[in-house]
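Just so you know, the sequences run in chain order A and B.
Under our numbering, think of the first position of the first sequence as 136, with each following residue one higher.
Under our numbering, think of the first position of the second sequence as 52, with each following residue one higher.
Hints listed in this document are in silico derivations from the structure and should not be mistaken for laboratory results.
Idealized CB from N, CA, C, for every residue including glycine.
A hint or two may mislead.
Below, computed lysine to any residue pairings styled on SDA-like, alpha-carbon distance capped at 20 Å [as the list claims (entries may be wrong)]: (1) B:K273 with B:G128; (2) B:K299 with B:P319; (3) B:K428 with B:T230; (4) B:K586 with A:L634; (5) A:K359 with B:T230; (6) A:K417 with B:K387.
Distance windows between CB atoms, simulated [said to hold, decoys possible]: (7) B:K279 with A:T306: 22 to 28 Å; (8) B:K375 with A:E703: 46 to 52 Å; (9) B:K375 with A:A592: 21 to 27 Å; (10) A:A592 with B:G724: 52 to 58 Å; (11) A:D353 with B:D377: 29 to 35 Å.
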Amino acid sequence: MQVYEAPLRDMRFVLDELWVDDGFGELPALAEFDTDLTNAILEEAGRFSREVLLPLNRSGDEEGCHLENGVVRTPAGFKEAYKQFTESGWASLAAGPEWGGQGLPERVNKLVEEMTCSTNLSFGLYPGLTHGGAIALEAHGTDELKQAYLPKMTSGQWSGTMCLTEAHCGTDLGMLRTKAEPQEDGSYKVSGAKIFISAGDHDLTENVIHLVLARLPDAPAGVKGISMFLVPKYLPKEDGTPGQSNGVWCTALEHKMGLKASATCQMQFEDSTAWLVGEPNKGMAAMFTMMNAERLSVGIQGLGIGEAAYQSAVWYAKDRLQGRALSGAKYPDKPADPIIVHPDVRRMLMTMRANNEGCRALGAWVARALDAEKLSPEPEARKRAEDFVALMTPIVKALFTDLGHENAQLAVQVYGGHGYIRESGVEQYARDARIAMIYEGTNGIQALDLVGRKLGAHNGRLLRSFFHPVSDFIAANKGDGPMKPMIDGLEKAFGALQLSTATIAQRGLADPEEAGAAATEYLRLFGLVAMGYCFARSTMIAGMRVAFGAEDKDFYKAKITTATYFFERLLPQVSAHFLSIKAGKKSMMALAEDAF
Amino acid sequence: MKKVCVIGAGTMGAGIAAQVANSGTPVLLLDIVRDPDNRNGVAADAVAKMLKTDPAPFMGKGEARLVEVGNIEDDLGKVADCDWVVEAIVERLDIKQSLYEKLEAVRKPGTAVSSNTSTIPLEQLTAGRSEEFKRDFLITHFFNPPRYMRLIELVTGPHSDAATVAKVRDFVDRKLGKTPVDAEDSPGFIANRIGTFWIQAAVNAAFDMGVSVEEADAIAGKPMGVPKTGIFGLIDLIGLDLMPYLQKSLTGTLPKDDPYQKIARGEPLIEKLIETGFTGRKGKGGFYRINREGGGKVKEAINLATGEFAAARPAPTVPGAAGKGDLAALIDLPGKFGEYAWAILGPTLSYSASIVPEATATIVGVDEAMKLGYNWKSGPFEMIDKIGAANLRERLVASDMPVPPILEAVGDGTFYRIEGGKRQFFGLDGQYHDMVRPEGVELLADIKLDAKPLLRNGSAALWDVGDGVACLEFTGKMNALDTEVMKLIGEAIPLVSEKFKALVIYNEGTHFSAGANLGLALFAVNIAAWSEIEKLVSGGQSAFKALKYAPFPVVAAPSGMALGGGCETVLNADAVQAHAETYIGLVECGVGLIPGWGGCGEMLERWRAMPGMPKGPMPAVSKVFEIVSTATVAKSAAEAKELGFLRPTDGVTMNRDRLLADAKARALELAEGYTPPEPPTFRLPGPGGKTALTLAVESFQSRGLATDYDGVVSGKLATVLTGGDTDPTEEVTEAQLLALELKHFMDLVHESRSQDRIEHMLATGKPLRN
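Construct the complete structure from the given sequences, taking the supplied hints into account.
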């Protein structure tokens with residue numbers, strides 16, 4: 136059964152306790168967002184997610200979206216839920232106040248996003264894409280475009296999409312064919328077909344604003360000839376309300392493995408009036424400004440599903456009576472013990488729990504960097520934060536979605552045969568989680584981004600933003616004491632990360648395929664070390680809270696136990712990944728192509 | 052030769068005089084009398100101007116004092132004291148002839164007379180002169196700037212005396228450091244004839260094919276193995292106005308059926324540029340200009356079709372192997388790039404192959420001339436070998452271009468080959484001949500043809516260079532130093548102790564070593580691999596000191612840049628044989644660090660021993676601090692002696708090709724009864740001395756000449772140089788000084804502002820003033 140209660144205590148821990156000293160300094164601009172306010176927001180978001188979004192998750196999955204008479208219809212209840220969502224101001228949470236947003240810091244916003252993703256990922260995509268489109272428009276659009284579109288996109292009255300993929304090109308956008316013809320009035324006419332367009336058309340909003348990648352007539356070949364255009368479904372009238380239809384329509388809905396309540400459309404643009412966003416032929420750069428934010432959000436989707444899967448699995452493991460504990464009956468009064476007594480079920484539950492808490496802590500660190508990047512008064516701190524976000528984006532995206540998927544699979548396993556049955560609800564998580572490893576750049580692409588772009592940039596400067604704090608933490612806390620095993624473990628894992636990093640940098644310089652062959656395992660190794668660092672910090676704080684007699688010491692004790700589990704049972708995977716990396720590409724690339 | 056006279060104090064004449072002075076030879080520089088009240092004014096002004104020129108014609112200030120100025124009306128008689136007279140006056144036959152007539156009257160018999168003419172045949176120059184004069188006459192054609200360009204074309208006539216020619220040849224080789232190439236008495240000799248053809252072909256093709264100047268320079272630049280300025284950038288550098296002049300001279304003297312006659316043409320746009328003062332970098336700009344309108348600084352390039360300037364577009368990247376020196380791939384590139392490359396290389400290589408033996412006896416002369424006179428990476432025949440002679444022939448035939456006989460003769464073979472460990476060239480007789488090096492020229496490249504290294508890893512190698520001498524070669528990118536180098540030194544010491552008499556540290560890179568591999572070090576810093584960095588520093592200290600105290604002498608033989616760790620390699624050697632063009636310095640402070648491989652102690656020791664230093668612990672410390680804290684780089688071996696990077700006893704070799712032999716000789720000289728030096732001890736001023744140095748830095752800071760962080764870095768340097776917590780009554784050992792270096796180096800490398808400096812240096816090649 137899909138159950139969900141927002142993990143507010145852990146969220147408050149990562150928000151208020153874990154990263155007080157995050158190395159990015161004070162952000163005076165965030166003074167107004169005090170603990171009372173953020174607690175209220177989180178609690179209300181938790182309630183909304185549980186009460187409004189969760190009940191639509193399974194029904195939406197069963198019903199799916201429908202294309203009827205050229206119009207896409209979302210599943211029953213979505214329209215009403217979306218109305219409530221926008222009216223309660225959830226849509227405008229993270230947007231800047233100048234366009235009517237509430238300017239909520241990313242550190243809080245990402246937690247709210249997690250709740251939405253936990254309870255209804257399909258639903259979350261609609262406002263999520265709008266937000267991404269608004270970011271790109273704000274960064275690159277003309278003032279006129281911003282005035283016309285941003286207020287309505289911010290409020291959620293209009294929604295947004297990103298139209299990149301075409302039938303023959305996904306990862307390699309350089310090949311795309313959609314055309315844009317300049318018009319005399321300075322606008323353009325866009326024509327072409329796009330596929331896999333999330334929220335491409337639907338009945339939740341009165342207008343849909345597409346950001347479309349297309350080619351100008353004289354554009355150079357490849358990715359350097361792509362420009363970004365704004366194409367509304369309906370051209371706004373003088374008074375700003377949607378007017379004439381603009382030659383944009385959904386030709387088909389994709390039939391997907393999961394995420395069925397999210398309308399994934401094939402879109403056709405025919406002489407659609409469009410406006411250039413950013414400079415001609417600089418569309419990829421413009422798209423990438425929102426891509427980083429989007430990739431972090433997709434990482435949060437992985438975490439969200441991972442949390443929901445965990446909670447549903449815990450509920451079942453306590454509820455399902457089957458067999459007896461290996462050491463003898465734990466509940467002799469019942470016909471059988473709940474399966475949570477079994478070590479292997481514990482293994483699954485603890486792994487899921489550790490995955491979630493580790494990712495949440497790491498995500499909170501990156502979210503703070505997003506805030507600091509924008510809001511720090513210190514240029515040095517802004518640069519450091521920017522480096523850190525650039526470095527961690529592929530890790531958060533790929534690690535969180537991999538682990539979210541792993542959690543969903545574990546949940547199915549905890550449910551046993553029932554997990555394979557639709558009514559249990561957990562197989563939906565397994566299907567829904569799958570796409571997050573693919574879209575916004577497959578996790579393989581994320582790993583390549585990490586080793587190819589991020590690792591070597593400026594002779595490794597981006598790495599400094601992670602490696603120095605971790606190195607300093609180890610140096611400062613080394614020595615005998617209760618933390619010794621954890622610090623030693625972290626030091627060893629960190630050493631493996633340093634060595635792999637140097638190895639890949641060195642080999643990759645001589646042979647890029649070596650870097651490519653190591654990429655995925657390196658990203659995971661990096662992610663594990665990052666989670667280890669988060670858990671070690673968490674344990675330090677939790678240990679002190681327990682020692683000083685904190686009120687909710689059960690929470691802190693559980694935190695230490697989860698951290699210990701991570702260090703003892705999950706972090707050792709670092710050694711295996713290290714060995715794989717060290718082995719190099721040889722056996723991976725040796726087989727002749729026709730031997731496959 | 053005890054004294055040389057140069058007549059004509061223009062750019063070339065003055066530059067030649069400066070290079071003669073650089074060799075330590077007194078030189079008389081004469082020009083006409085322009086101002087009756089200042090009769091030597093022309094020559095004197097030329098010397099004064101050279102003292103302000105960058106790159107400097109003189110290697111040091113002392114050298115300028117070897118130039119005696121005069122004028123041809125009053126001082127021609129002084130020619131009687133000279134062993135060689137170089138004429139570098141205006142290119143007019145009548146004026147030259149009248150000068151020679153006067154010279155004939157005053158020179159002593161046997162004094163060589165040569166002309167630096169680039170256009171007038173020798174036969175005409177000596178017309179009307181005595182047999183005796185003709186015996187001593189030849190053409191010595193220098194290239195601009197004479198200090199830095201290594202080519203001299205030697206042209207002798209039928210009357211030239213072999214002994215006189217040998218005397219001049221030996222002097223330009225050993226003393227002036229040039230490579231003489233024998234040329235026939237034909238128009239343009241070798242380098243300018245091919246060079247002018249090449250430039251003309253490239254310009255024509257750009258105009259005809261609609262190739263932009265940026266595109267042209269991206270192709271006819273680094274990918275072609277020619278100066279990376281590219282063709283239009285090169286013309287801007289040498290001057291657009293020189294082009295019509297060279298063209299006129301060559302079309303006037305070459306036979307009517309010479310292929311150059313067909314391609315020589317004027318270009319209205321270029322003529323207009325010259326008329327309006329766009330003569331290149333010396334003028335308002337040329338094909339490129341810097342637009343400073345509105346306070347900005349925008350590099351603009353001209354549109355060859357319209358003559359309009361617009362912001363220069365970034366150079367297109369030449370893809371794949373074609374961008375990395377594979378000429379066959381370059382001319383095979385599809386589209387405009389490949390077509391343009393072929394439109395240049397096809398005719399130019401065909402032409403080059405057609406002028407042997409008319410312009411010079413062998414293909415070697417052609418290749419040497421283009422490499423040393425035009426800075427081509429490979430000569431035309433070496434280029435043909437890269438493309439493949441058969442391939443080139445096919446393409447020439449297909450393009451309806453002439454196939455010269457030698458290109459037919461070579462068949463499917465190559466113009467150069469390695470046979471029995473010897474490099475051989477293809478002769479006109481259809482046979483291969485050994486390349487013969489002049490006596491005293493030894494090259495590691497030749498040794499490598501037939502030998503395996505004794506030791507080798509990714510960054511260094513050890514070679515047996517004969518006569519009981521081993522050679523340590525750096526092999527990494529920019530010959531950077533890293534732990535691999537130190538590891539190899541560790542392995543080399545027992546081997547050299549056992550089997551050799553001495554070690555030279557030498558390589559044939561453009562630069563001896565730009566120092567520690569900063570990119571690698573910064574990466575290690577960024578991943579917090581602190582122990583690796585400490586290992587690099589302390590490992591380097593141990594390796595260099597192990598060399599210093601090894602039971603055999605170590606002679607460092609630098610050429611080009613020896614910076615940072617490269618400089619410390621030199622400082623730790625027992626003796627140095629430096630190429631005159633060595634640029635040495637401890638530049639660590641520029642990247643927010645301090646010397647860490649013993650540079651501090653070695654410099655203190657050198658300055659302590661400097662003749663005329665006042666007594667006491669402070670003077671040497673102050674000098675070293677001044678030099679190192681400002682990252683001063685010596686601009687020649689001569690200047691390196693003034694700055695104490697070299698000892699007064701260290702040797703200087705003028706000719707790059709003779710450096711190895713000279714270093715070996717030096718090492719073998721030392722090997723006789725060699726005993727390693729005793730580790731020095733120091734008496735240093737301690738904290739009191741540091742305060743004095745810091746005050747000096749503060750005064751720089753208050754005047755805005757040093758940044759806040761300069762103070763931090765130089766403060767660390769001051770601590771090390773003054774011996775830390777010592778005082779003048781205590782002895783500081785070399786080991787203690789090394790430990791201080793290490794500690795403060797590590798402190799600095801942890802600082803984010805040092806990290807920013809390193810990153811900036813790697814990204815831009817320029818120091819960051821943070």
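Here is what the structure says about each hint:
| no. | hint | verdict |
| --- | --- | --- |
| 1 | B:K273 with B:G128 | violated, 50 Å |
| 2 | B:K299 with B:P319 | holds, 16 Å |
| 3 | B:K428 with B:T230 | holds, 16 Å |
| 4 | B:K586 with A:L634 | holds, 15 Å |
| 5 | A:K359 with B:T230 | violated, 48 Å |
| 6 | A:K417 with B:K387 | violated, 25 Å |
| 7 | B:K279 with A:T306: 22 to 28 Å | violated, 35 Å |
| 8 | B:K375 with A:E703: 46 to 52 Å | holds, 51 Å |
| 9 | B:K375 with A:A592: 21 to 27 Å | holds, 23 Å |
| 10 | A:A592 with B:G724: 52 to 58 Å | holds, 56 Å |
| 11 | A:D353 with B:D377: 29 to 35 Å | holds, 32 Å |
Comparing the model with each earlier hint shows violations of hints 1, 5, 6, 7; every other hint is respected.
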